[in-house]
Each structure stands twice: as structure tokens, then as C-alpha cells.
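**Q** Given the coordinates of chain A, work out where chain B should sit on it, guided by the hints.
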Amino acid sequence: MSGREREISCQWVSDSIESYVDGDVSQHDKAMIERHIRKCSGCRETLLLAEDVREELRALPTLRCPETVAKAVFDRIGARRSKEERFSRALRRFKAWVAGRHAGIPRAAVASAIAILVIGSALLIGRSQRSQDPISAQQVAEAEAALRWTFAYVNEISRRSGFAVRDEVFQAGVVAPVHRAVRAALEAEPRTPNKDGGSI
Amino acid sequence: MADEFRQLVDRYRDSVYTFAYYSLGNREEAEDATQEVLVRLWKNWRRIDRKRISAWIRRVTRNACIDTLRSRQTHSARVVAGGESIAFLQAASNEPEPDTCTEVVQLRDHIQSALASLREPYRSIVILREIQDMKYEHISDSLDLPLNTVKSYLYRGRRMLRDKLKEALHERA
Numbered sequence: 004m005s006g007r008e009r010e011i012s013c014q015w016v017s018d019s020i021e022s023y024v025d026g027d028v029s030q031h032d033k034a035m036i037e038r039h040i041r042k043c044s045g046c047r048e049t050l051l052l053a054e055d056v057r058e059e060l061r062a063l064p065t066l067r068c069p070e071t072v073a074k075a076v077f078d079r080i081g082a083r084r085s086k087e088e089r090f091s092r093a094l095r096r097f098k099a100w101v102a103g104r105h106a107g108i109p110r111a112a113v114a115s116a117i118a119i120l121v122i123g124s125a126l127l128i129g130r131s132q133r134s135q136d137p138i139s140a141q142q143v144a145e146a147e148a149a150l151r152w153t154f155a156y157v158n159e160i161s162r163r164s165g166f167a168v169r170d171e172v173f174q175a176g177v178v179a180p181v182h183r184a185v186r187a188a189l190e191a192e193p194r195t196p197n198k199d200g201g202s203i
Numbered sequence: 238m239a240d241e242f243r244q245l246v247d248r249y250r251d252s253v254y255t256f257a258y259y260s261l262g263n264r265e266e267a268e269d270a271t272q273e274v275l276v277r278l279w280k281n282w283r284r285i286d287r288k289r290i291s292a293w294i295r296r297v298t299r300n301a302c303i304d305t306l307r308s309r310q311t312h313s314a315r316v317v318a319g320g321e322s323i324a325f326l327q328a329a330s331n332e333p334e335p336d337t338c339t340e341v342v343q344l345r346d347h348i349q350s351a352l353a354s355l356r357e358p359y360r361s362i363v364i365l366r367e368i369q370d371m372k373y374e375h376i377s378d379s380l381d382l383p384l385n386t387v388k389s390y391l392y393r394g395r396r397m398l399r400d401k402l403k404e405a406l407h408e409r410a
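As given, the protein sequences belong to chains A and B, one line each in that order.
With the numbering used here applied, the first sequence corresponds to residues 4 to 203, in that order.
With the numbering used here applied, the second sequence corresponds to residues 238 to 410, in that order.
Chain B on its own, in the form it takes in the complex:
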């Protein structure tokens, strides 16, 4: 197998998996979606312009996640419960343990499920910008949206998250 393809897999698999996990909210579907994206990369990588390959991968990843969500019977049933997701995230990222402030823990409990329940394209934009620290220009390129629209959708997406979290925190209180 071409070394170049192996290098592409090594370079992009974590970011593909990360996007898929936060988009879909569970490991199994994230793994399946990642596999589909990498197999599609294999089928097409020789034809793709190297300068545009990361945008291509992001687009294909997003579409794979949208397809998975469409094929689900019920969305909320597949999202990982808050406590389990924090432990999983720590194990998967090798990051130091978070502080144990109650309010922070409460917010983190809900943020992942709130994120996975956002509709498109807000969810993708929030993940790309806030979690994967992507520049607005690259997001605009990947999603084929004007720059100002990306910003506007980002703010709207964060606002929706804020509203969902406010509700969830009130219910919990």
C-alpha cells in the first residue's frame, strides 16, 4: 500500500474521529463513520489536489455523519450519558483530570449531548471552530459557506447551546 496513503491516514484519522464523535455522540458510530471516510479517501486520494485534501476530508466526514444521523431511528437514544462521556473523553485524550468544581462538572455533563443535538450546519461549525480550532477561512472553504455566514452560524449555534444548557441546568437544580 502506498506510503503516502498511510501518511494521510495517520495525519487525519484523529481529527476525523474527533469530529465524528462529537457530531454523533457515541463511539461505535464515530468509528464506523471514520472507517467510511478513510475508505473513501483510499478510493479517491490520487485524484484529489493535495492543497485541498483537508477540506475534502472535512466535507466527506461531515456528510458521513449527516448520513448516519439520518439513518438513526431516534437521535437521543444513541447519545452517551454525561458521566460516562467525561470518563471516556479523559481516557481517549490522555489529558489531566479536570477540576472538580460542581458547576463545571454539571456544565460538562450536558455540553456533549447538547452539542450532538444541535442541527446542521450549526453543529459542524461549532465543532470545527471551538473544538478543532479551525480558522474561519478553512471552515468557509470546507462547508462552502461565505465567511460572514460561518461567523453568524457559529454565534447562533453557541446561542442554541447556551439555551439548551440553561434549560438543563435549571432542571437539574
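In isolation and in its complexed conformation, chain A is listed as follows:
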């Protein structure tokens, strides 16, 4: 075998040796590899190392997971479940409040207040978007007065039912965002001067 042939063959053998060790080569390739290894000490060492590596890997043990890990997992899950249960209780209380069971507030009154807020805001914003005419100062004043009345009504309902619901649900989730949206929509629209010619 010439030097160049041996070099090419050694490269090919080195590339093929892992599949050879696993018995995953054709009979033809197996014969070529074995013929080469008989003549080449370098590739014999490569084969021995490949076999040793595979044996050592397979000898690495399956480890036992420390008990502290499982305990930490169950502790975390327990803490998370407590948080979920507290949220579920709060949600159940809110639903009961809306149904009027706790505070005796009629459901229709709450629904009406929310409807007024939503519909009023939608009309104002929609109207300003549809119409090419700027909103008059009087219309703005009327809309703001209506909204203030509605907020006062909702606040009163909330006061009677408990400050927690007002602060956590209505104020943050309904009142504040709607108020901001309506104000932003109104302020974005150009204003017409008052009937008496004063500016706004």
C-alpha cells in the first residue's frame, strides 16, 4: 500500500470506525476496515480508543436524584397552589358581589352602570371618528358631566360593596382605563369656539 493510499484509507477508517464498532457497516466495508487495521498500527489504536470510549460511556452510572430536589419541587407547587386558591376565592367573592348576594346591590344597577360607561365612551369616540365636524365645547361639557355622573354612581355602588372591589377591580380595570381613553379621544379632537366667540 502506498503512503498516500494508507493516508486516505486511515482517514476513511477513522470516519467509519464508530459505525464499525456498533456493527453498523456493510460486510464489504467491514472487510476493508479489518484488512486495513491488520496493517496499520495507528488505526488499530484508533479502534481500541473508540471501543474504550464506548465502554466507558456505557459504564457511566444512572444517578439518583437527591431527595432535596423533589422536596423543593413539592414546596414550590404547594406555594403556587395556595396563591391560585387565594385568587379563586377572591374571584368567587367578586362574582357573588356582582350577583348581588353579598351587598344586596341589584345586578341590574351594576350592569347598567357598566353599560353606560362603555356605550357612552364608544359613542363619543365613534362619533368623533365618524364626523368630520369638530366637537363643540358644549358637547364636550355634556359628555364629561355624564361620565362624572356615571363614575359617581359606580363609586357609590363600590363604596357600599367594599373598597377592595372598587380599588382592585373597578378603579383599576374599568374606571381608569375608560376615563383615560375618553379624555384622550376628546382632547385629540379640534374644538369649535363658544357661541359667544370665546376660545376653549
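One should not assume that every hint holds.
Straight-line C-alpha distance at most 20 Å; calculated DMTMM-like pairs for lysine to aspartate or glutamate [claimed, not checked]: (1) A/Lys74 to B/Glu357; (2) B/Lys388 to A/Glu48; (3) B/Lys401 to B/Glu357.
The following label-pair restraints were derived from C-beta to C-beta distances [to be verified]: (4) A/Arg47 to B/Ile290: 20 to 26 Å; (5) B/Arg289 to A/Ala82: 27 to 33 Å; (6) B/Arg289 to A/Pro69: 42 to 48 Å; (7) A/Glu70 to B/Arg356: 31 to 37 Å; (8) B/Asp286 to A/Ala82: 24 to 30 Å; (9) B/Ser308 to A/Glu159: 49 to 55 Å; (10) A/Lys86 to B/Asp370: 36 to 42 Å; (11) B/Ser354 to A/Ala82: 34 to 40 Å; (12) A/Glu54 to B/Tyr373: 17 to 23 Å.
Please keep in mind that the hints were generated in silico from the structure rather than gathered at the bench.
Ideal Cβ positions, reconstructed from N, Cα and C, are used throughout, including at glycine.
**A** Then chain B, alone, in the frame of chain A:
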């Protein structure tokens, strides 16, 4: 807590921990990764098809290890030194002591750090196949790779290990 979930934890925690340890090369990160995997299992186990749960766990474990490796500043600093790792492995596995042939000890000294330094997906495939004795079909399923690709990557991974070990053994000599 559901008995079924506890049974899942008992069934899979050792294999998750084993994979994480050989993938990351140290106990602390392996424990953290195992914990993350089991907590994710808790959040999702009711939705997972029971027939596919082991593939799901393997995938999540691998991803957790990859995330840990990415967040490391330097990889090599966290790998356990060879001598300590052999003692730890023996204690953690309750296996009989290995033979004390010098060459074997030298190879074992380096094999774990060489394994933890392999890049993905070669490292995962070598661990799943050679250490955890998983069938090619299951590896293919877990890693979402074709079967022939799994074999090809396994051979390439072992070859990379062989090259690293050859270097390490020469340096030591």
C-alpha cells in the same frame, strides 16, 4: 397533590437528573435544572398525552440544560474536576468500585468533562444513547430528528469525544 403526579416524579426524576448532570457537568446546576423540569411537568402534566410524556420530559430536560449552558459566563469553569467526579459518581450510583487500571482511570478522568464540552445535539444524543441506553427511535422522537441523522450524529459525537480524549491523554502522558 395528585398521586399520579407523584408517581410521574418518582418515575422520571432520576433520568432527568442523570441527563442534566452529564450535560452540565456539575451537581448544583443539574439539581436546579431538574427542579425546573419537574415544576414544568406539574404545570402541564394533565394536558400531555401519557404515551408521549417521556418524550416530552426528555425534550424539556434538554432545553433546560441548553438554557443553563447559554446563561453561563464561561463553560469550562463549571465542570467538575476528574478525580472528584469519579468519587461523586460512585456515591451517587451505589455501584461497586471500578477497577484501578491506570489507563481506565485516566480515560474516566477526562470522559465526563469531554462529554459536557460537546456541542449540541451531539452531547444529548451521546448521553441518551450511551449512558441512558435509549433506543434510536425514542431519541429520534424526543429530539425530532430523523433516525439516520440520530445515528450519524451519535457516531460524530463519539468521534469528537475520541479526539478530545486522545488529546487529553497525550497531554497527560
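**Q** If a hint holds in the structure, say so; if it does not, say that too.
**A** Now the hints, each set against the structure:
| no. | hint | in the structure |
| --- | --- | --- |
| 1 | A/Lys74 to B/Glu357 | 31 Å, violated |
| 2 | B/Lys388 to A/Glu48 | 23 Å, violated |
| 3 | B/Lys401 to B/Glu357 | 16 Å, holds |
| 4 | A/Arg47 to B/Ile290: 20 to 26 Å | 45 Å, violated |
| 5 | B/Arg289 to A/Ala82: 27 to 33 Å | 29 Å, holds |
| 6 | B/Arg289 to A/Pro69: 42 to 48 Å | 28 Å, violated |
| 7 | A/Glu70 to B/Arg356: 31 to 37 Å | 33 Å, holds |
| 8 | B/Asp286 to A/Ala82: 24 to 30 Å | 28 Å, holds |
| 9 | B/Ser308 to A/Glu159: 49 to 55 Å | 53 Å, holds |
| 10 | A/Lys86 to B/Asp370: 36 to 42 Å | 40 Å, holds |
| 11 | B/Ser354 to A/Ala82: 34 to 40 Å | 37 Å, holds |
| 12 | A/Glu54 to B/Tyr373: 17 to 23 Å | 20 Å, holds |
Checked against the numbered hints listed earlier, the structure breaks hints 1, 2, 4 and 6; every other hint is satisfied.
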